[in-house]
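Enquirer: Chains A and B supply the protein sequences, listed in that same order.
Count the first sequence with our numbering and you get residues 98 to 408, in order.
Count the second sequence with our numbering and you get residues 11 to 326, in order.
Heads up, some of the hints might be wrong.
A short list of chain A residues far from chain B (calculated; beta carbon distances all over 12 Å) [claimed, not checked]:
1) D172
2) P195
3) A199
4) L204
5) S218
6) G243
7) W257
8) L374
9) F381
Computed footprint of chain B on chain A, listed as stretches where at least three residues anywhere in the stretch have a Cβ under 8 Å from a Cβ of chain B [to be verified]:
10) 163-169
11) 176-185
12) 261-273
13) 287-301
14) 389-402
No wet-lab data here; the hints were simulated from the structure.
Even for Gly, the Cβ is constructed at its ideal location relative to N, Cα and C.
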Amino acid sequence: MSASHTRQERPGLRIRLRRDRSLLIMVVPAAVLLLVFNYAPLFGLLTAFQYYDPPAGVWNSEWAGFEQFRRLFADPLFWGALRNTLYLSLVQLVLFFPIPIALALLLNSVLGVRVRNFVQSVVYLPHFFSWVLVITIFQQMLGGAGALNQFLRSHDLQTWDITTNPGTFVLLVTSQVVWKEAGWGIVVFLAALSAMNPGLYEAAAVDGAGPFRRMWHITLPGLRGVIVLMLVLRLGGALSVGFEQFLIQRDAVGHETAEVLDTYAFYYGIATGDYSLGAAAGLFKSVISLLLIWGANRIAHSFGEDGLYRR
Amino acid sequence: MTKVFTAGTSAATAPRARAERPPWQERPTVAGRSAKGGAIGGVLAVMLVPLWIVVVTSLSAPDVVNRAGGLVVWPDGLTFQAYREILTDPTVRTALSVSLGVAVIGTALSMVVSVLCAYGLSRPGSPGHRLILVLLIVTMFVGGGLIPTFLVVTGLGGYGRWWALILPSAVSVFNILVLRSFYAKTSGELIDAARMDGAGDWRILWSVVLPTSRAVTAVIALFYAVGYWNSFFNVMLYLPTDSEKWPLQYVLLTYVNRGAGMPGSVNAGFGMAHARTAPLSTQMAVVVLTLVPLLVVYPFVQKHLRTGVLTGAVKG
Chain A
98 MSASHTRQER PGLRIRLRRD RSLLIMVVPA AVLLLVFNYA PLFGLLTAFQ YYDPPAGVWN
158 SEWAGFEQFR RLFADPLFWG ALRNTLYLSL VQLVLFFPIP IALALLLNSV LGVRVRNFVQ
218 SVVYLPHFFS WVLVITIFQQ MLGGAGALNQ FLRSHDLQTW DITTNPGTFV LLVTSQVVWK
278 EAGWGIVVFL AALSAMNPGL YEAAAVDGAG PFRRMWHITL PGLRGVIVLM LVLRLGGALS
338 VGFEQFLIQR DAVGHETAEV LDTYAFYYGI ATGDYSLGAA AGLFKSVISL LLIWGANRIA
398 HSFGEDGLYR R
Chain B
11 MTKVFTAGTS AATAPRARAE RPPWQERPTV AGRSAKGGAI GGVLAVMLVP LWIVVVTSLS
71 APDVVNRAGG LVVWPDGLTF QAYREILTDP TVRTALSVSL GVAVIGTALS MVVSVLCAYG
131 LSRPGSPGHR LILVLLIVTM FVGGGLIPTF LVVTGLGGYG RWWALILPSA VSVFNILVLR
191 SFYAKTSGEL IDAARMDGAG DWRILWSVVL PTSRAVTAVI ALFYAVGYWN SFFNVMLYLP
251 TDSEKWPLQY VLLTYVNRGA GMPGSVNAGF GMAHARTAPL STQMAVVVLT LVPLLVVYPF
311 VQKHLRTGVL TGAVKG
């Protein structure tokens, strides 16, 4: 990770402090911002164990023990949100995950450098669009007054409003994620592909392996480490499906299908002022997410891969 | 300045338009080639056609939009009328300056803080840098979450203030790690030589490290700028009621996505369900307006995205 252990002799702390004091000063602004906006909220998690009362603040609010969690687990809306989150995550894992890999393989097989660069630049672009923009574009294309229905109507066909239909909501949000992020997702796979040893392919071809066998026996095993890493990250994020994406579309399809854990915490925590309940929902989510990352890593290790961190 | 860029990138892209097919590889079949071409054409169409339709509609006159029955696919006389309209609309103008202001100030602040922090942690053997690094990385996995963060920001008086849109998200640990991994690779000899000449760390950062890592600086600045430009949820959290302070994304959400009438147009007020929705070409002009800054900056940065700026740092 860094070369500090390659230095032969380490001067004493005093000397190093003096020598490197500018380095330490440089870290201060970022450290202060992180302390205030990332570490201080950790203490704010105490509100999950309180009857938080805004005027009283975290220090003076009454303690509730696990009462907020009891309320949370007794709330059918919470279980609905959890179920939606897991379901959407699973569908996205199955439908989204293979696409960047396939796209990277496709792009990698294109020999023309100009074509390749152009396609790469185009598919990276939507990653930088905001969710508001992506959803607006989807609405204009697939919504009740959108391009698709405009076409269907002008040909006297049955119209089909995809954007407000709860039944197809999963597919809608998944295709939004694919449109926005699948292109960007190829970055890591392309890097792994370009690091592959071309000699392996040559040897295999000389031995009579066709293109598909080369892909199966060389390319995919070569991508295994990256694929496992991405799966671990994906699993760790299983409880965070795109927050803004759902916040924007929740009202159009109704909360029964579009409520996820994050929007639940927002609506029942901030919008209705029940801060402690929202904080409890957030804490529940963070703890489960950490467990998921840890578990996924254990599995990755047992398959002999590095995963997110090494053993 | 170009010298630095080309040194890193030319080997990968510039010299040949077409890479050589290695001799052992099969000659591509017609079917294989057309399948590949079709797949790539399909991908490009899915990405570009919606953008094309949006842009063309925004450039069409109202009667063309009416004749097309909505969105316009084939242009029939182009006009900038819709753009003139939105650029004179007070709501859009305020929103544009809010968005630009937040993006410019925020990016500048984020870059200064991140570059300093990344360099400060990149020199081997400096006291405590490993501990600080661990404390940084912890925040990527452990956080207070939505409500505690909201309580901290409002507790500091951020409700209804500009800085609530900037400071809470000013530091991205991921971006710092990317920068750091680049700075750590800056040639030690170069730095030692500068130190021999009496340069301190500030000087080394400014005149040795930064000039040799322009590509990564550009990419990280793009990340930050896009983050600020696209942010909308923190507006909902901290400035929900004051339409005077809304950035462009929020205007887009309210007037286009949710179809509320534009305050500038006749007898329309935000929040009235029956207020007149803006004409389609005007709405699409707002969509394009949120895209313009990105499209201006993107061409300069995209080649660095391709040349693997990020990949070295994925496994920080």
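Enquirer: Next, verify each hint and record whether it holds.
Expert: Each hint, compared with the structure:
The beta carbon of A/D172 is kept farther than 12 Å from every beta carbon of chain B, the shortest such distance being approximately 16 Å. Chain B leaves A/P195 outside its interface by the beta-carbon criterion, the shortest separation being 14 Å against a cut-off of 12 Å. Non-interface call for A/A199 relative to chain B: violated, since the shortest CB-CB distance, roughly 9 Å, does not exceed 12 Å. At roughly 8 Å, the least C-beta separation between A/L204 and chain B is not larger than 12 Å, which violates its mark as non-interface.
Here A/S218 does not stay apart from chain B, with its beta-carbon only about 4 Å from theirs, under the 12 Å limit. The Cβ of A/G243 sits about 7 Å from the closest Cβ of chain B, inside the 12 Å cut-off, so the non-interface label is violated. A cut-off of 12 Å between C-beta atoms confirms that A/W257 is not in contact with chain B; the least separation is 15 Å. Once the 12 Å rule is applied to beta carbons, A/L374 is inconsistent with being away from chain B; the minimum gap is 9 Å.
Its beta-carbon lying about 10 Å from the closest one in chain B, A/F381 breaks the requirement of being farther than 12 Å from that chain. Only residues whose beta carbon comes within less than 8 Å of a beta carbon in chain B count, and the segment 163-169 of chain A has 0; fewer than three means the coverage is violated. Only when three residues or more bring their CB closer than 8 Å to a CB of chain B does the claim for the segment 176-185 of chain A stand; here the count is 0, and the claim is violated. Counting residues of the segment 261-273 of chain A whose beta-carbon sits less than 8 Å from any beta-carbon of chain B gives 0, not enough to reach three: the coverage restraint is violated.
Counting residues of the segment 287-301 of chain A whose beta carbon lies closer than 8 Å to any beta carbon of chain B gives 5, which reaches the threshold of three, so the coverage claim holds. Three residues within the 8 Å Cβ limit are the bar, and the segment 389-402 of chain A against chain B gives 1, so the coverage statement is violated.
The structure does not agree with the numbered hints 3, 4, 5, 6, 8, 9, 10, 11, 12, 14 stated previously, though it agrees with the rest.
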